[in-house]
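Protein chains: 2
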Amino acid sequence: MATLKVPATVPPVADDCEQLRKAFQGWGTNEALIISILGHRDAAQRRAIRRAYAEAHGEELLRSITDEISGDFERAVILWTLDPAERDAVLANEAARKWQPANRVLVEIACTRTSAQVFAARQAYHERFKRSLEEDIAAHVTGDFRKLLVPLVSTYRYDGPEVNTRLAHSEAKLLHEKIHHKAYTDDEIIRILTTRSKPQLLATFNHYNDAFGHRINKDLKADPKDEYLKTLRAIIRCFSCPDRYFEKVARQAIAGLGTDESALTRVITTRAEVDLKLIKEAYQKRNSVPLERAVAGDTSGDYESMLLALLGQE
Amino acid sequence: MATLKVPATVPPVADDCEQLRKAFQGWGTNEALIISILGHRDAAQRRAIRRAYAEAHGEELLRSITDEISGDFERAVILWTLDPAERDAVLANEAARKWQPANRVLVEIACTRTSAQVFAARQAYHERFKRSLEEDIAAHVTGDFRKLLVPLVSTYRYDGPEVNTRLAHSEAKLLHEKIHHKAYTDDEIIRILTTRSKPQLLATFNHYNDAFGHRINKDLKADPKDEYLKTLRAIIRCFSCPDRYFEKVARQAIAGLGTDESALTRVITTRAEVDLKLIKEAYQKRNSVPLERAVAGDTSGDYESMLLALLGQE
Chain A
49 MATLKVPATV PPVADDCEQL RKAFQGWGTN EALIISILGH RDAAQRRAIR RAYAEAHGEE
109 LLRSITDEIS GDFERAVILW TLDPAERDAV LANEAARKWQ PANRVLVEIA CTRTSAQVFA
169 ARQAYHERFK RSLEEDIAAH VTGDFRKLLV PLVSTYRYDG PEVNTRLAHS EAKLLHEKIH
229 HKAYTDDEII RILTTRSKPQ LLATFNHYND AFGHRINKDL KADPKDEYLK TLRAIIRCFS
289 CPDRYFEKVA RQAIAGLGTD ESALTRVITT RAEVDLKLIK EAYQKRNSVP LERAVAGDTS
349 GDYESMLLAL LGQE
Chain B
49 MATLKVPATV PPVADDCEQL RKAFQGWGTN EALIISILGH RDAAQRRAIR RAYAEAHGEE
109 LLRSITDEIS GDFERAVILW TLDPAERDAV LANEAARKWQ PANRVLVEIA CTRTSAQVFA
169 ARQAYHERFK RSLEEDIAAH VTGDFRKLLV PLVSTYRYDG PEVNTRLAHS EAKLLHEKIH
229 HKAYTDDEII RILTTRSKPQ LLATFNHYND AFGHRINKDL KADPKDEYLK TLRAIIRCFS
289 CPDRYFEKVA RQAIAGLGTD ESALTRVITT RAEVDLKLIK EAYQKRNSVP LERAVAGDTS
349 GDYESMLLAL LGQE
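Top line first, the protein sequences correspond to chains A and B. Counting from 1 along the first sequence, just add 48 to a position and that's the residue number in the numbering used here. Counting from 1 along the second sequence, just add 48 to a position and that's the residue number in the numbering used here.
These are calculated hints, taken from the structure and not from any lab test. Among the clues, some could well be false.
Copies of the same chain are indistinguishable here, so a pair counts whether it falls within one copy or spans any two.
Calculated cross-link-like contacts (lysine-lysine; reagent style DSBU-like; alpha-carbon spacing at most 35 Å) [stated by the list, open to error]:
#	residue 1	residue 2
1	296	146
2	146	325
3	178	269
4	178	333
5	70	333
6	70	296
7	266	178
8	246	230
All of these numbers come straight from a predicted model, not from anything done at the bench.
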């Protein structure tokens, strides 16, 4: 389901490093060369390149990139080049430090990654920021959002396939009761969403639909503009249909005047090795336009080329 | 700081398995032989014995043990033989399922293990119980205790040595304010205790002492019998003086009529490879009696022999 295109025969790591070094040196930077290499290597290959580059040139690859390019292009190349766990740590740190209620990055990371991936991001967070992710969220986020987001990122969800049907029924009923009484910040809602396994939650949401005649997210739309309710809906969408969740993030990033480059870069760099193909399909279906064309229409220059490379354009 | 005594030359794993098999077979069980082997092997050696035993005899070692011995002796041998992470998972599961306010096992596991050890216990919990530890605690524990214990076990504390002195000062002040207003269940107290690193917390507790003239635990003794306050004090003691914390658990297990075998077995099996030597020193200092003598006076038979072996008796 990835869109990343890695050539059938990949050059030796030393050659990639040499080419990148050339791209950075001399008058001007060879942006196309950077994209042609980094935009077509998977996570393990990029990791090997970073290691070999630092050994060969006594300088971190990311530092060379930062020195040579800038703006949205720089951000896209840096985020992409990072290991997935490090990238999540960086995105989560930005989200925690400059937190505001409309920010869904923490929800995305907590709910669309596997348990092992969330934990790897938390380990990378320690290493990079000398603090824990939950510590920073707890210190910067307040009120109901803190009550929800701290356990959301701290949980290590069981990820086996087992589902307890009786539990799904009783917890669907419990969720319905709380939502019916508009007790959206109730401890029980938070407990269920932040501790149950994904298969268990999907069973609960399905039963909710069966028993009460409509999806739980419809009932959470009482006030469509309320950011806390939007966050609850994002959590549920990230669990039940991550591709459509990300399609919407991309759509909103592109729609209207101006582009939300930060969101667009995030969706493309975090999903290119995961499910960007599905997101593209969902985008085409929803907007009657291929995502590549929409991206090309809204971005330009090297930034555009980098995104299109990750979107799988030949 | 461990008390476990492993012989200078350990027999090959196959010999240990053979001897254990012999101890189980025939009329009656050779308990002394079981103790002489398992009571003198470290975690890696016990793991190797379990693996080799299952391969050689087509039966789990723990199952053979359970079939042959019983009562407190059985529990001590089983808990000891388990890997530390598995043992913590088993203890935490019992504590979560049969939770009652006086139970401090979850606090002990969350606060006296390293971050990596707590996480290993959470992984072992998934494997063994097909659920997550925080899920079970959240489902069985209620009210203020849930508010405290779920984040306490879910956190992945940063464990580097860095301390932010200014933060220690401001959070000591914040703790003092909340405690002064008897707001013991306040979100900020829980946030600080459940997210900050241990070195950071120790700096905060030290500053509390310096700034307000007495230890934080003294201020948390307003109602000495309140179990929630006792839990807060246990958390702080587990961070600041685990050896004295465990000395007290052992002392209370032994003191008075009857023995709390469950607590005594837990302290000895979980600390024999960690800091039981320090706990013994603290016990001698506090009670003017060696811990071995107190244990020998309060227990008997094979159970006594097993505990004394782990306490390092020649």
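Cross-check of the supplied hints:
1. 296 <-> 146: within (22 Å within a copy, 45 Å between copies)
2. 146 <-> 325: within (31 Å within a copy, 47 Å between copies)
3. 178 <-> 269: Between. Shortest inter-copy distance 33 Å satisfies the 35 Å Cα cut-off; intra-copy 39 Å does not.
4. 178 <-> 333: neither (44 Å within a copy, 38 Å between copies)
5. 70 <-> 333: neither (42 Å within a copy, 69 Å between copies)
6. 70 <-> 296: The answer is neither: 39 Å in one copy and 66 Å across copies each exceed 35 Å.
7. 266 <-> 178: Close across copies (31 Å), not inside one copy (41 Å); limit 35 Å.
8. 246 <-> 230: Within one copy only: 24 Å inside a chain, 39 Å across chains, cut-off 35 Å.
Hint compliance for this structure: hints 4, 5 and 6 are broken, all remaining hints hold.
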